[in-house]
Structure formats: structure tokens, C-alpha cells
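> Based on the sequences and whatever the hints tell you, model everything.
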Amino acid sequence: MANVKVNVHHLTRVEGHGNIVVDVVNGELKQCDLQIVETPRFFEAMLRGKPYQNASHITSRICGICAVGHATASLRATEAALGVEPSEQTKLLRRLNFLGEILDSHVLHAYMLVAPDFLGVPSVIPLANTAPDVVLRALRMKKLAGDLCQAIAGRHTHPIAMTVGGFTHFPTANQLYELRDRFAAARDDVAATADLFQTLKLPQFERETEYIALRRDDGVYGFIDGDIVSTDGGVWPASAYQSITNEYLVPHSSAKHAQNQRESYMVGALARFNVNHDLLHPVAKEVAAGLGLKPKATNPYLITVAQVVEIAHCVEEAIQLIDALLAREIAWEEPALPSRESGEGVGACEVPRGTLFHHYVIEDGQIVGANCVIPTGQNLANIELDMKALVPTLLDRTQQQITHSLEMLVRAYDPCISCSTHLLDVKFE
Amino acid sequence: MVTQDRLMKILVLALGNPLRGDDGVGCAVLAGLRETAVPYPPHITFLDGGTPGLETALTMQGYDKVIVIDAANLGERPGSWRRFSLAEASLVQQAQMEGTLHDAGFAEAVALGAALDILPPEIIVYGVQPETIAWEMGLSTAVQSAIPQISQQIWAELFDA
Numbered sequence: 001m002a003n004v005k006v007n008v009h010h011l012t013r014v015e016g017h018g019n020i021v022v023d024v025v026n027g028e029l030k031q032c033d034l035q036i037v038e039t040p041r042f043f044e045a046m047l048r049g050k051p052y053q054n055a056s057h058i059t060s061r062i063c064g065i066c067a068v069g070h071a072t073a074s075l076r077a078t079e080a081a082l083g084v085e086p087s088e089q090t091k092l093l094r095r096l097n098f099l100g101e102i103l104d105s106h107v108l109h110a111y112m113l114v115a116p117d118f119l120g121v122p123s124v125i126p127l128a129n130t131a132p133d134v135v136l137r138a139l140r141m142k143k144l145a146g147d148l149c150q151a152i153a154g155r156h157t158h159p160i161a162m163t164v165g166g167f168t169h170f171p172t173a174n175q176l177y178e179l180r181d182r183f184a185a186a187r188d189d190v191a192a193t194a195d196l197f198q199t200l201k202l203p204q205f206e207r208e209t210e211y212i213a214l215r216r217d218d219g220v221y222g223f224i225d226g227d228i229v230s231t232d233g234g235v236w237p238a239s240a241y242q243s244i245t246n247e248y249l250v251p252h253s254s255a256k257h258a259q260n261q262r263e264s265y266m267v268g269a270l271a272r273f274n275v276n277h278d279l280l281h282p283v284a285k286e287v288a289a290g291l292g293l294k295p296k297a298t299n300p301y302l303i304t305v306a307q308v309v310e311i312a313h314c315v316e317e318a319i320q321l322i323d324a325l326l327a328r329e330i331a332w333e334e335p336a337l338p339s340r341e342s343g344e345g346v347g348a349c350e351v352p353r354g355t356l357f358h359h360y361v362i363e364d365g366q367i368v369g370a371n372c373v374i375p376t377g378q379n380l381a382n383i384e385l386d387m388k389a390l391v392p393t394l395l396d397r398t399q400q401q402i403t404h405s406l407e408m409l410v411r412a413y414d415p416c417i418s419c420s421t422h423l424l425d426v427k428f429e
Numbered sequence: 001m002v003t004q005d006r007l008m009k010i011l012v013l014a015l016g017n018p019l020r021g022d023d024g025v026g027c028a029v030l031a032g033l034r035e036t037a038v039p040y041p042p043h044i045t046f047l048d049g050g051t052p053g054l055e056t057a058l059t060m061q062g063y064d065k066v067i068v069i070d071a072a073n074l075g076e077r078p079g080s081w082r083r084f085s086l087a088e089a090s091l092v093q094q095a096q097m098e099g100t101l102h103d104a105g106f107a108e109a110v111a112l113g114a115a116l117d118i119l120p121p122e123i124i125v126y127g128v129q130p131e132t133i134a135w136e137m138g139l140s141t142a143v144q145s146a147i148p149q150i151s152q153q154i155w156a157e158l159f160d161a
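Here the protein sequences come in this chain order: A and B. For the first sequence, our numbering gives the first residue as 1, with consecutive numbering after it. For the second sequence, our numbering gives the first residue as 1, with consecutive numbering after it.
Hints in this document: simulated from the structure, not taken from any laboratory. Each hint should be verified, as a subset may be incorrect.
Unchecked claim - DSBU-like cross-link-like pairs, simulated, lysine-lysine; straight-line CA separation at most 35 Å:
1. Lys296/A to Lys388/A
2. Lys9/B to Lys143/A
3. Lys143/A to Lys65/B
4. Lys143/A to Lys91/A
5. Lys294/A to Lys143/A
6. Lys143/A to Lys285/A
Predicted model, so just to flag it, every value in this text is computed and none were measured.
Structure, rendered in C-alpha cells:
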């Protein structure tokens, strides 16, 4: 086909508003944009003048999916700024809580947003009729993840017990025992998830890029703190994030793009796998081998497969962390105190979609400057370059097939473009 | 409804994001109800749900009745509000609608819950027409002034029945 025009307004099953615009004239690609129409530009305005104690509670509301991720990155930024050293128990609890959110988000993406593409249904809702066991399994895993977050920090979407220096609430030993039993039982669901994704045939499309993720030096797989590591070589402290993200404006999007050592880079589950695969739990490594995922994986559709590997990792590591917490017994401890009231700090976490940075300047206990770089913003330039490489390989397909392939590509990145609002739209009969 | 042997299990669920102007109305109403209802009766659960997705189908599972408070596009003037059951109105699924797309919200959760047959027998929505859902904290005067009336009616529904 010599001429192709794709214009997808408001992609379905993507968190937020995004348009795909592709224009091919006489076989030549004239335009290939992912247009973003909404982005959290309000971040600094929202925090400026607020006491530092409020920052994690405010920023946890930015996203209904990454509430724990934003809260944790926020707390780490404040703690870096004010010289707070959280206890070992706090670190364990935060990590366990974080695993709950990764599990929750990955189950949502893999089962509810991606699987329908491969199972021939338009969304998860008809899937509930045709394959209720698949949907119930996904919901069961999501519920387990949500209950874990609730036991540790209050509601998943509103983790109120997380505070600077520690927690204001602690799970009981009974809660932990119960969760441990449920996580052990969830191993069957993990195996069934791996089996399901083994049967799904992903599009063949390779485009190597730079893969960036946080990496810790203590042998623990990703998620909270660590240095910024690139598969192109290079290690940077989180405080140097701006020299990696190098954000710049593009005319067709209100969200900034990012580039490091190439034109673009990728963050998220596949980048984490490429950077940190050696640190995965052995069970997760087995799942990766069973799904044929090997470093360095360069097919962006494999992001979902890397998420399935991380689902296995989260379940296994959650069991390990619960055992560690039970062995040491939960102490009702006061949060660690700041050593100063002014300072500047960066917090970095690997949230489900990739590396998240919060950066605060605090003076006399009040936030006077704040910056936030979200994973989807870092991936935008890379998604566009994938689209530009993919479209020429699809020109013999129908317009509808091309559109569907592009939508699937964008969905693979699990982009979270707008941040949360859930206005009900009601029609009265 | 009070039966002989047990009180109906009720969930009062606030949805919405207080960082987005009037989308925080559910939170504001819930906060007021929580303060007034101390100590909480054991058969009533108050929950600030934030902006969850499909998992709301599970959050609601097992309750006899759910009262949802959320900003809603009713096509009326800001601050107007309506109480309706799901039988009386249809919720537009954002994720399947062209024109606006947010991640799956309450409408999708209800559709999923219905497909799985796990919805509570009674779901009541208190929908409030927002003036603005821009990124800013705090409610508009129009929505703020509707709160006492809404709270009073929910209160009556919870305790006077």
C-alpha cells in the first residue's frame, strides 16, 4: 500500500489521552507521531510552599496505579534532602509494599489491557464472559496485591501510613502469616500466568535501543534506590538524573521527550530485565527461560513478557520479605528524624512503567522547588522511533491491521499519560 | 433494611482525586461523614477509594449495599447533584468511548462485576456536577456549597432507614 493514513484519537486501553498520527505518501513515511495531550505540568505548583511532611500524601494522589511508587520516590527525595536514615524494618516494609504495587499494576496491564489483543476480544469485559477463570485469576492476584498494600500502608491508592522516616502503622504478625499463606497459594496463579503468556504469539519486531534502569549494589533486584545503569555502558548516581533524562520539548506533544546516549532510551520492565536479569529470583529466571526471554531482549512487545517475569519475582520475593519480617518481629517504632530542616534531594524508584524521579528543594521545612520525571515521559521518544521503524514493515497490510499493530505497540509500553481523574459520565434514560 | 439477625453490610465509597479540583468532592463528603459517624458502626465501612480501576468490582464484593460518591458529568450546572441507582442511569465506559479516554474507572468496574456476577445487590451513586477538574487542590464554591445537603441525605440513608 503506497498511501497510509492512521489517525487514532484517544487510544483505548492506555492510561490517559494519546493520539497516534501516521501519514505515508507513495510509500514514504511523512509523519509518525505519538501525540500527548495531557501531562502533569502542575507538579511544582502543587508542592511549593507545602510542609515537606505533606509531599508524599499529595503526590501519592497523582496516579491511581502508582500511588505507592510516587509516595516512595517522594519520601526518598525528602529523606535525601533532610538527611533521614530509615531503619532496616522501614526498608523491608517499603520494599514489600512496593512489590504489591508492581504486582497489581503488571497483572492489570498483562491480563486486562494486553491479553484481550491476543485472545480476540475488544476488552477484558467480554473476556469475563468467555473466559471467566482467566479474569477471576487476574482479579485474585490483584486483590492479593491490594490487600498486601492495605496491611502495610492503608489503601493501595492512598497509602496513608507511609511517612518521612518510616511508618505510622504496622501490620500484625497474624496479617503477615495470612498474607504469606495467600502468596504461597498464588504460586499456582503465577504458573498459570506463565502458561497463558506462553501461548500468546507476539509480533516479531526487533529494534535495539538504550535500556536504562536503577540497579542496586547489594544484590537486590531493582525497585527502590540504586544507581542509574545503561545497557550502553554508564553508571550514574540518581542525583545526576537530569544528565540522563535530558528533557526537551517537541512540537506535537505537551509532554517532554528524553534522550541519553542515543536518540531515545527505554525504561520499564524490559529495561529492568536487560539491566538486572542476574538479580531475579530463580523462579522468575525459570519463568523467563520458559517464555524465551533472554537478555538483551530488543522486541518492545516483550515488555509484557518481562512484566510476567516480574510478577513471578514479586510473589517469590514477597514471601521472602514476609518471612524476614516475621523472623525479626515487627516493632512499633517511631519514624527516623531529619538531621536538618533545609536541603536538596533526589528520590528514584523503579515503578511499574520504569524509573521515576522526584527532586525537592526544602528550606526551613517547606518545599520551595520540586521536579518530577515520570517513566512514560522518558519512553515517548523511544515509542515514536519504534513506530517509525515498524510502519514501513507493515505497508502491505490493511489500514485496520496497521492501526491495530501500532495500538498494540503503544499499549506494550503500558503508557500512563494523563494522571488520575475518574469523572463519571452519566446518561439518564 | 434491617433483618432479624444482622444489619445490612454497607460500603460508603468515595471516588475521585482531590488534586483535580471538584473531582475531590467524594473525599470531602466522606471526610465529613467519617467525623460525624465516630465511633463507626461496625456494619458500615467508609472508604476513600481514590482513583482505582477495575479492582473496584472486588472492593464492592460481599457488601449488601454500596453508596458511591463521585464527581459526575450529569449535564447540569456545577454543584447540582443526583442520587441514582445503577438501574436508573447508564454509566458511559470511558475506556471504550471515543473522545475521552481515561483508564478504566467505575463504569468499567461495574461492567466487569456484572459480567462476573459479583456485584452487590444495591449500588447507589451520589453524582455531583463539577465546575472544574483542572489540576488544582480545593473545591469550587458551587460544589462546596452542595456538600451539607448531600451529606445530610447520605446520613439519613445510612441511619434513619
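> Would you mind marking each hint as holding or not holding in the structure?
Outcome of the hint check:
1. Lys296/A to Lys388/A: holds, 21 Å
2. Lys9/B to Lys143/A: holds, 20 Å
3. Lys143/A to Lys65/B: holds, 20 Å
4. Lys143/A to Lys91/A: Holds. Lys143/A to Lys91/A sits at ~23 Å (cutoff 35 Å).
5. Lys294/A to Lys143/A: holds, 30 Å
6. Lys143/A to Lys285/A: Holds: Lys143/A and Lys285/A sit about 25 Å apart, inside 35 Å.
In this structure, none of the earlier numbered hints is contradicted; all agree with it.
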